[in-house]
Amino acid sequence: MTSKGIFRFFIGFYLLLFFGYLFGPLLIMGATAFNNSSYPQLWPWEGGTLDWFVKLANDQAMLRGIGNSLLVGLGVICLAVPIGLAGAIVMTQIYWRARGLYYLVVVSPLLTPGVIIGISTVLFWRQLLGADHPLYSGYFMTILGQATFISAYCMLIFLSRLQRFDRAQEEAALDLGASNLQFFWQVLLPFLRPAVFSAAVLAFLSSFENYNTTTFTILARTTLTTELAGRVRQGSNPSLSALALLIITITLIGAILYEIYKRREDRREKDRAAVAAAAEAEGEPAIIAA
Amino acid sequence: MSADVELDHVTIAFGNFIAVNDASLKINNGEFFSFLGPSGCGKTTILRTVSGFLEPTKGAVRIGGRDMSGIGPNKRPTALIFQNLALFPLMTVAENIAYGLRVRGMGRTERRRKAEHLLNMIALSDQGGKMVAELSGGQKQRVAIARALAVEPQVLLLDEPLSALDLKLRQHMRNELRAIQQRVGITFIYITHDQGEALTMSDRIAVMNEGVIQQVGDAKSIYDRPATSFVASFVGENNSLIGKVVQVDGAYAQIKTQMGNVTGRNLQDIRIGESAVAFIRPEKLTQHAAANQNRLQTTVKSIAFEGNLSHVYLVGPGHRHLTMTVGRETPLPEAGADIGLHAAIDDTLILPMGKLASGETGQ
Amino acid sequence: MSRFLLPLIPVAVALIFWGMAAAERRAVGNVAHLGFFRRNGAALSVYLLGAVGLWILLLIVLPQLYMVEFSFRPRLPPSEMGGPKDAYTLANYSYLIFGRPGDPEGYNKLHLGIFLRTIVASIFVTMLNFAICYPIAFFMAKVAKGGQMRLMVLALIVPFWVNEILRAFAFRILFSSSGVFNTLLLASGLVDAPVDFLRSDIALYAGLSYAYLLLMIFPLYNAIEAMDSNQIEAARDLGAPWWHIHLFVVMPYAKPGIAAGCTMVFMLTAGALAAPQVLGGPSSLWFTQVVYNWFYQAFNWNLGAAYAFALLIACIIFVMVVLRLFKVSLGEIAR
Ligand SMILES: Nc1ncnc2c1ncn2[C@@H]1O[C@H](COP(=O)(O)OP(=O)(O)OP(=O)(O)O)[C@@H](O)[C@H]1O
Ligand SMILES: [Mg+2]
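Sequence lines, in order, name chains A, B and C. When we follow my numbering, the leftmost residue of the first sequence carries the number 1, and every step to the right adds one. When we follow my numbering, the leftmost residue of the second sequence carries the number 1001, and every step to the right adds one. When we follow my numbering, the leftmost residue of the third sequence carries the number 2001, and every step to the right adds one.
To be clear, the hints were calculated from the coordinates, so they are not data collected in a lab. A portion of the hints provided could be inaccurate.
[Stated by the list, open to error] One side of the interface only, derived from the structure: several residues of chain A facing chain C at Cβ under 7 angstroms: (1) K4; (2) L16; (3) F18; (4) L22; (5) P25; (6) A86; (7) V105; (8) L123; (9) L205; (10) S206; (11) I247.
[Claimed, not checked] Derived lysine-lysine pairs resembling BS3-like cross-links, with alpha carbons at most 25 angstroms apart: (12) B:K1220 x B:K1284; (13) B:K1244 x B:K1075; (14) A:K262 x C:K2085; (15) B:K1284 x B:K1355; (16) B:K1114 x B:K1130; (17) B:K1244 x B:K1256; (18) A:K270 x B:K1130; (19) B:K1220 x B:K1244; (20) A:K270 x C:K2145; (21) C:K2327 x A:K4; (22) C:K2145 x A:K262; (23) B:K1301 x B:K1284; (24) B:K1220 x B:K1355; (25) B:K1244 x B:K1026; (26) B:K1220 x B:K1256; (27) C:K2327 x C:K2255; (28) B:K1244 x B:K1284; (29) C:K2142 x A:K4; (30) B:K1130 x B:K1075; (31) B:K1130 x A:K262; (32) B:K1256 x B:K1168.
Every residue, glycine too, gets a C-beta built ideally from N, C-alpha and C.
Chain A on its own, in the form it takes in the complex (with noise of 0.2 angstroms):
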């Protein structure tokens, strides 16, 4: 064998290693769900069994978990995403000097634990508005704890696609008569509709997926993930296991649709370079019929 042929090898093996270290786990976790004994384990196997899925639907508390879930994230992006959209246009704004620092304090929520972001939050907040005021709730510091970091994320998203905007389309659109509030609404926003759409993805899935943060300031409710770590610290059955499997399948066939969305928009833009080229070829005719 060459040496390259040797090296090959040893990176296809490593590759091999890494995906079976990166799925594994998920893979031996998800086939447990199948199995009929009462801790999840693949060996003895007792039968396979969809029992697990059934006890699953009929968790009430698991159910309230998905709920409070569901509602913090949606609350989540309803902060988090204008809060970024805000952060990243100030960002392309701020006077140059005070720009690393406005970046270090943003970003810095990013880089906090999030079992601090919670601890603080909460006591921030039940300090500002006394413990019994209706906002000192659950669902409330949860929303506000998260978005604190989650609105970085969401800014960064902005940031990488505010790069690729041409300033002059600002320009330009005040130039023909345009309000500030026209421009954002019909240009800038049409712009930056991608990045929205993903910053409120990834708003979603991080809120739904916390626990650090999440653990401080849920109080006297639950969410999935404060639910499930109750249940995995007490011991542990198949449901959960059942519960992981379907949120990986949700995941993978969310990930598949946005691999094909996104392909199909690149050879969009092929066609449209396609075009463009043809009409270079043509030349160009006179503008003003004599």
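Fit chains B and C with the ligands to the known structure of chain A by using the hints.
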């Protein structure tokens, strides 16, 4: 309504850096007016101030006699064509053109009618539904023009609109632009650092350097009677000889240079003892002696044959480099030959010493 | 306090932005640009300033500051709040270091030990993570082609949308006494009683490295991707062995990416709560679990806040040290 554009002692500073220094001029209604100058001389800055994206630090911009200070770009009767066009990539061609009408609240059918009319004018009548990315460079250019014209501005501002096109298309579009201007009859303010473009298209030209307006005039007067040594060296090819004024005689002055004394027209009222530059166009140099001429002794370095023209590169005492341009019928000298060159004193211009355009050797 | 604070917030936002505008005017002199308000119009300006101001003040800065302040107060029953006993004190921090007053040990052996273990183990997990991810990042950046690359990115991202708890749960199934590993070990006859992976913390370290793989791979990938492949070719031409190329050509170039990945993974590992709760052995706690217990078992929030702040400080110090070691600036990694 008249749409004269007037700059009244306009100074524009970015911090301590003065991008435009005390510019005053008046552009008439319906004129094709160009700003010509090297890169970074402040042309775009002036245009952005006229369209309202910058505020003058000192002085005022008036359009149709009305002071524009505090009036935003969306409230001015101007439309700007951007250096990079700045078309909206997510709108179709027709939507782009009708955008200015849309923000003015014009109805959909009215808008479509007007867009179709403009599409016709730019010869893209069946392409209104295309996306901008599907157009060629020249087509995009025309859409940008139509989009600006749709709002019926009184002044159209164009920032090097042809710089991104290739040579052939550029020449084609020059004619088109000029034709459009004559047809719509509004004021065009055109920016370029391409002097050929400025000279062929404009009614009048302002030549700028380092934020200062050097001269305003039509193409002929700028070429024939440059007001400063910068204009003389920037517009067209020119030979320059530096020296001190030794004699002034009415409309003529004589300067002492390394190549001997040179006499020429004195348009700027120059005095004895001042530093000055003598300018002679390459096509005004001949090998034929006649009355009232300057004579320069030179050696032929090399010859560049360009078909109907030839450039003869020469060097004189003090390593002064000169260029002579001769037509087909003139016999060419040999490389290495010592020849005497002649130029009529009426074709020689004596101007006060000042900055020369880069590329011309100053000393 | 709340009555003072609320009306002050809009004033503070306005003051901060006014101060920034004034600083800009002073630094740049008389500016020809349009100001913020003229550029954006009233409605947009209010939205931008409002959203960003609220985010920075109400969500980021004030809660953190308040947590710090809170950690310097004693825990008191509500009736005594604001009373004479409600004074700033270092008691909460001295508890972390010295333990209960009169403790025979003289210092808080238990909590300091956990704190130290958390930091050391996080550093270990970070290094392990780097070792696992570097080859993958390099492969993605320099070897993989378009379609292969997209597939890999997708394959990397998908597992990380699965809940953190469930990911930890998967490792628990893997490592439990009747889990896959033990079954294999027993069947092969290598051991004759199940190994307690949970108690020995092997499961915990495996789960923690797994949890933040993505945050190591992408900064590394970005840094290596930006590198000119010719540099590698040139080094290879000169006969450099492959390890030499990676150690002295690629890694120095990818330094900002390495620093970014390491700081992020460290921060998240040290601050992790889910994996330790699910995978940690019963006798050894992670520091975040101690914080959690102060809040939800002892209900001493002041002490909990002090512990949390100590953790934050440790993380910040770690970042500073890494930046020093790698000689990169914060701006370079926070991209
Ligand atoms: N926003 C700004 N801040 C600081 N300086 C600026 C700014 N805009 C322009 N300048 C400076 O002002 C000078 C004039 O710039 P301007 O864009 O007007 O040049 P120009 O004549 O249009 O050049 P070009 O032909 O290259 O487009 C340049 O030196 C430029 O660096
Ligand atoms: Mg310019």
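Hints versus structure:
Interface hint at K4 (chain A): violated, since its Cβ lies 12 angstroms from the closest Cβ of chain C, which is beyond the 7 angstroms cut-off. Taking 7 angstroms as the C-beta contact cut-off toward chain C, the hint placing L16 (chain A) at the interface is violated, the least distance being around 12 angstroms. Checking F18 (chain A) against chain C by beta carbon gives a least distance of about 6 angstroms; that is within 7 angstroms, so the hint holds. Interface restraint check for L22 (chain A): the shortest CB-CB distance to chain C comes to about 5 angstroms, inside 7 angstroms, so the restraint holds.
Here the hint on P25 (chain A) is kept, as its CB sits about 4 angstroms from the closest CB of chain C, short of 7 angstroms. Hint on A86 (chain A) holds. Least Cβ distance to chain C is approximately 4 angstroms, under the 7 angstroms limit. Annotation: V105 (chain A) was flagged as interfacial toward chain C, and the flag holds, the nearest CB pair being 6 angstroms apart, inside 7 angstroms. Hint status for L123 (chain A): holds, given a least beta-carbon distance of 5 angstroms to chain C, under 7 angstroms.
The criterion of a C-beta within 7 angstroms of any C-beta in chain C is met by L205 (chain A), whose closest approach is roughly 6 angstroms, and the hint holds. Hint status for S206 (chain A) relative to chain C: violated, with the closest Cβ pair at about 9 angstroms, above 7 angstroms. The criterion of a C-beta within 7 angstroms of any C-beta in chain C is met by I247 (chain A), whose closest approach is roughly 6 angstroms, and the hint holds. Proposed proximity of K1220 (chain B) and K1284 (chain B) is supported: the alpha carbons are some 16 angstroms apart, at most 25 angstroms.
Simply put, K1244 (chain B) and K1075 (chain B) have alpha-carbon atoms about 53 angstroms apart, too far for the 25 angstroms limit, and the pair is violated. Among the hinted pairs, K262 (chain A) with K2085 (chain C) is inconsistent with the structure: their alpha-carbon atoms are about 63 angstroms apart, more than 25 angstroms. For the suggested pair K1284 (chain B) and K1355 (chain B), the alpha carbons sit about 23 angstroms apart, so the restraint of at most 25 angstroms is met. Distance restraint check for K1114 (chain B) and K1130 (chain B): the Cα-Cα separation of roughly 17 angstroms lies within the 25 angstroms cut-off, and the hinted pair is therefore satisfied.
A C-alpha spacing of about 5 angstroms is found between K1244 (chain B) and K1256 (chain B), which places the hinted pair at or below 25 angstroms, so the restraint holds. With a C-alpha separation of about 14 angstroms, the suggested pairing of K270 (chain A) with K1130 (chain B) holds against the 25 angstroms cut-off. Simply put, K1220 (chain B) and K1244 (chain B) have alpha-carbon atoms about 28 angstroms apart, too far for the 25 angstroms limit, and the pair is violated. Under the criterion of a C-alpha separation no larger than 25 angstroms, the hint pairing K270 (chain A) with K2145 (chain C) is consistent with the structure, at around 19 angstroms.
At roughly 36 angstroms between alpha-carbon atoms, K2327 (chain C) and K4 (chain A) are farther apart than 25 angstroms, so this suggested pair is violated. With a C-alpha separation of about 17 angstroms, the suggested pair K2145 (chain C) and K262 (chain A) falls inside the 25 angstroms cut-off, and the hint holds. Among the hinted pairs, K1301 (chain B) with K1284 (chain B) is consistent with the structure: their alpha-carbon atoms are about 19 angstroms apart, no more than 25 angstroms. Pair hint K1220 (chain B) plus K1355 (chain B) holds up; C-alpha atoms about 22 angstroms apart against a cutoff of 25 angstroms.
Proposed proximity of K1244 (chain B) and K1026 (chain B) is contradicted: the alpha carbons are some 35 angstroms apart, above 25 angstroms. Simply put, K1220 (chain B) and K1256 (chain B) have alpha-carbon atoms about 29 angstroms apart, too far for the 25 angstroms limit, and the pair is violated. Pair hint K2327 (chain C) plus K2255 (chain C) holds up; C-alpha atoms about 9 angstroms apart against a cutoff of 25 angstroms. Under the criterion of a C-alpha separation no larger than 25 angstroms, the hint pairing K1244 (chain B) with K1284 (chain B) is consistent with the structure, at around 23 angstroms.
With a C-alpha separation of about 16 angstroms, the suggested pairing of K2142 (chain C) with K4 (chain A) holds against the 25 angstroms cut-off. Proximity of K1130 (chain B) to K1075 (chain B) is assessed by CA-CA distance (about 30 angstroms); at most 25 angstroms being required, the pair is judged violated. The hinted pair formed by K1130 (chain B) and K262 (chain A) meets the criterion: a straight-line CA distance of about 21 angstroms does not exceed 25 angstroms. Under the criterion of a C-alpha separation no larger than 25 angstroms, the hint pairing K1256 (chain B) with K1168 (chain B) is inconsistent with the structure, at around 45 angstroms.
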